[in-house]
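Engineer: Residue strings, one per chain:
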Amino acid sequence: MQRRQLIFWGLIGSAVIALSAVFLALKSKVRSSLPAAAHYEKLPEKFNQALQSARTAVTANGHDLDAVRKLARLYQANRLYAEARACYRMIELSAPGLTARDHYYLADIAQNENDLAGAQAELRAVLKLEPNYVPARLGLAETMFKSGREDDAAKEYAAVLAIEPTQPQASLGLVRLALQRGDDDAAVARLEELMASHPEATAGAALFAQILERRGETERATAMTLWSRQKHEPALIDPWLNAMQVDCYDPLRLALLFEEFLAAGQLTEALPFLDRIEELDPKSWTPQLLRGWSQERAGHHREAVEAYRLALKKGGNPERICPLLTTSLLAVPDLPEAARMLAEYYGKLPESVPLLLSYTEVAVRLGDEKLARTLLAKLLELDPYLYTPNMSLAKILWTAGERDAAVQCLLRIVKVFPVDVASRGLLGQYYLEKADAAPAIRPLEEALAHVPPQTPAQERLTAMLGKAYLLVGNAAAEQRRFGEAVDYADKAIRLFPSELQAYALKANGCIQLFQYQRAAEALVAMAALEPQNPTILLSLGDVVYQDGKADQARGYWEKAGPLVATGDAELRAALDLRLSGHITAETFK
Amino acid sequence: MNFQHLRIGIVALLVAFGIYFVVNRDGWSPPVTAVKVAARPEPDQAVAPSDTLGLGYFAQRQIGRPPDGPPWVTDLLIVDLDQDGLKDILVCDAHLNRVSWIRQIRLGVFEEQDIGETIAGPAHVEVADLNGDGHLDVLVSAMGVIPPSNMKTGSVIVLVNDGTNHFTNRVLLENVARVSYVAAADLNKDGRLDLVVGQFGYIEGEIRWMENLGNWQFKSHALLDLPGVIHAPAADLTGSGNLDIVALVSQDSEEVHAFMGDGQGHFRDRVLYGSTNKDYGSSGLIIGDVNKDGRPDIVYTNGDGFDYATPGPRPWHGVQWLENLGDGKFTYHRVGDFPGCYSPVLVDLDGDGDQDIVASSGFNDWNDKRAVSLMCFENDGTNHFIPRVLAHAPTHLIVVKAADMFNDGRIELVTGAFMFYPPYDRTSRITLWEHKK
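Top to bottom, those sequences are chains A and B.
Just so you know, we're using our numbering here: the first sequence kicks off at 1 and counts up by one.
Just so you know, we're using our numbering here: the second sequence kicks off at 1001 and counts up by one.
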């Protein structure tokens, strides 16, 4: 071979080899972007096994992009976002690059990392490739709204409605934008449309109720409020994001997915997540706790009981589980079993407030007074201001005639619960029965301020308070504290405008205070109530006379005359004395 | 092919593989178990005193009344209520339905007394001289019931100070969705203090401002029809001289709103930032100048755990700040993760001249003894924050406040505990975190 040929072939060979090296280097650079291998101790072993398989698939298939994609989703589904992002970067560097779904997942990562601008960029990339994927466009609108870009958000919400004309989240987004602009009418019009097409849109219903209330449409607002509380708003259907759930091995994330579906009222969709948590971590008691809780919410009490029992068996925290189990057992109902179970755990944790709360409730319901007393006393020693235990113990003691002890419970309730009527009513009754009316007044006044009007409770409280005012007023008058007596009489009159004793108290007090005009007013009211009573007229005449109105007084005395009973010589004599004109300072004593 | 070709080929191959190995240095690492992402270590049981931010930086002292059962402190405020030069603490106790005053009667000596009458579910406390008589009145937002509820049990109550430290309840608003926030500010520049009221509610809630018409008469103006209001302080965000209102709205919204004021009582609603995670758990917001550029920034936490099926922390809980760039523009910065995070406080805790952020945890996983209850995010001087654990116990700390309690130039902390769910084995009510002697 000629020297020139040799050089030529040598150069060709070198170029080929150099190109190969560059190719290898580039390929290896792609491969080098794989996240470092790691063993994640916080995640279940099954995840680590799946991870190893996914990584092996990547290397075995010569960095096949679908394998890298699967790896990326595995990382992402388990909240390992940095690792997932590294995988997506590998895909991005290779032809044909990221798909719409890849961008969507990157947007999800950005949102989870509170990077709204990053999420918007990814969502725009999604929409370039898949302009009609509604969750992406909705996501873009939401992220824009949450970054304060109202106009851009409005365009995207409108674009969603162009694809799906009654899409509820987009409609609600536009409602919120209208409200931000202060355009209530536009908001209301859109809410009317939304509720007509999506009656299950409870967030919209709640917002609508508030606007209606603000606009004075109270009746419709109340109806809308009730509606919003009856329904669950279904979760947005997002097939791409939902597809990632199969790769989730993270029990916490699975529990959150469970909660999400449960909150949307989709129990059937929610429960499989608990199955998966159990599968991943058979020793965990959390799925059984959540299963019991969701079954109880759905009214499946027996299923709830079974789930809670299993949670306890797996070593779950009795302070968390037993109160829930008690609720379900009471709903079954199986009181004896509840009592047995609580006795067992209370024996192990005698200072536990949550256990005592449940155990006292069961003891009260069982009617086991001795046990209830012991447990309630212990509970109130640990936590003195609990409402139900104080009330329960008060009732037991009250019924047993131990009212002084019962009052201690009632006083604790009154101290802490400013609007509780029952405790205040009982306290009032207690003091009145002890003929110690003064301390009855305040609790009764407070109770009356919070009792629903025109109810038997209001009647009872009013009667007791009126009585208390009179007793305290009379006592004050006896101690010559007439001003105070008149004040109480006025209070009693406000409660019972037809109560003679109250007017009498007032009249007497006013006379002692030389307030004849006020005394006369009270007596006039009395006379109106008992027009045939000559004594009232006599007194009225006396008061008016002392107020310097002799003629008017005479009129009252004359009016009283024919009303005096034939046998009532004393009253007749008193009237005659006055009508004879021989009136001295002694006459009115 | 002769040997020369072979040599060239071998050399070229070696060069190519050399490049390959240089570029792909990580490619030959063992396939698995190279790195162990391990769980956190157990905390030190006995904490030695320390001069650097971290465990042992503070000594704890319980002040005020001992707890009667699991405490439900919902808020506290450090303020010199009686204007005697010593800082006191106002406490909202939702277990006792009381607002109490932990009075510093002598330097370092505290006594607690109830003020006013009972208030159902007190949630937030502020002070202001509402009637202009020169004495600080106490403003209280009351939820009626603290756990999630749709009942219209909310109220706004002022405890009017008669000047002799005797306080009388006066109801300013009642029978509305649960009120979580109230503060006083002259929003329309008429010389009277108006009120900003946040109603958390549950499914329904709102933000309103109440125009002070004088003589204890107020007129309500709706600002936002959304439930979940946590805090809504007023500040001049743009330097316009007009007060704006910044509101943190949780529930399904998880947004920070700015109601930009024109000084005439008109406000324009803007969303400054929001999370798309409906379970974000927004829990507290304050306004302060984080980067000391003269513009008020916003610091807020997310860590609320009231309404989860399983109460407790979530991985996204933590602290963030919205940097005020001027012209009404804000940019989001994550400060750090902190499960169950509540009650942000902006303070130069270590006295190095920059603003640190202190927060507490109300809803951490308290079955785990390593769970953190009090944290300082130490500013490294460039507004990057390094998490410093201050305490693992006591637990359930829903509120923390900071002040120089003893007028010695050093910052103390005061925390309040809200023990909503077990375990109750590391209880406290009001804790003073003071420097060791």
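Because the hints were derived from the structure by calculation, they are not lab data.
Every residue, glycine too, gets a C-beta built ideally from N, C-alpha and C.
One should not assume that every hint holds.
Said to hold, decoys possible - Listing some non-contacts, in silico: residues in chain A with all C-beta distances to chain B over 12 Å:
#, residue
1, Ala117
2, Met144
3, Glu279
4, Arg340
5, Val353
6, Asp383
7, Asn508
Said to hold, decoys possible - Incomplete in silico selection of chain A near chain B, CB under 7 Å:
#, residue
8, Asn114
9, Gly118
10, Gly148
11, Glu193
12, Met195
13, Ser197
14, Leu207
15, Gln210
What the hints assert, rightly or not - Example chain A residues on the side facing chain B (calculated, C-beta under 10 Å, incomplete):
#, residue
16, Arg214
17, Thr218
18, Arg220
19, Leu252
20, Ala263
21, Asn317
22, Glu319
23, Leu380
24, Tyr385
25, Thr388
26, Phe417
27, Pro418
28, Thr566
Engineer: Taking the hints in turn, state whether each one holds.
Structural biologist: Structure-based check of each hint:
no., hint, verdict
1, Ala117, "9 Å, violated"
2, Met144, "10 Å, violated"
3, Glu279, "19 Å, holds"
4, Arg340, "22 Å, holds"
5, Val353, "6 Å, violated"
6, Asp383, "3 Å, violated"
7, Asn508, "33 Å, holds"
8, Asn114, "6 Å, holds"
9, Gly118, "11 Å, violated"
10, Gly148, "5 Å, holds"
11, Glu193, "18 Å, violated"
12, Met195, "15 Å, violated"
13, Ser197, "20 Å, violated"
14, Leu207, "6 Å, holds"
15, Gln210, "4 Å, holds"
16, Arg214, "6 Å, holds"
17, Thr218, "13 Å, violated"
18, Arg220, "14 Å, violated"
19, Leu252, "7 Å, holds"
20, Ala263, "8 Å, holds"
21, Asn317, "7 Å, holds"
22, Glu319, "4 Å, holds"
23, Leu380, "9 Å, holds"
24, Tyr385, "6 Å, holds"
25, Thr388, "13 Å, violated"
26, Phe417, "7 Å, holds"
27, Pro418, "4 Å, holds"
28, Thr566, "58 Å, violated"
Of the hints listed earlier, those the structure fails to meet are numbers 1, 2, 5, 6, 9, 11, 12, 13, 17, 18, 25, 28, in rising order.
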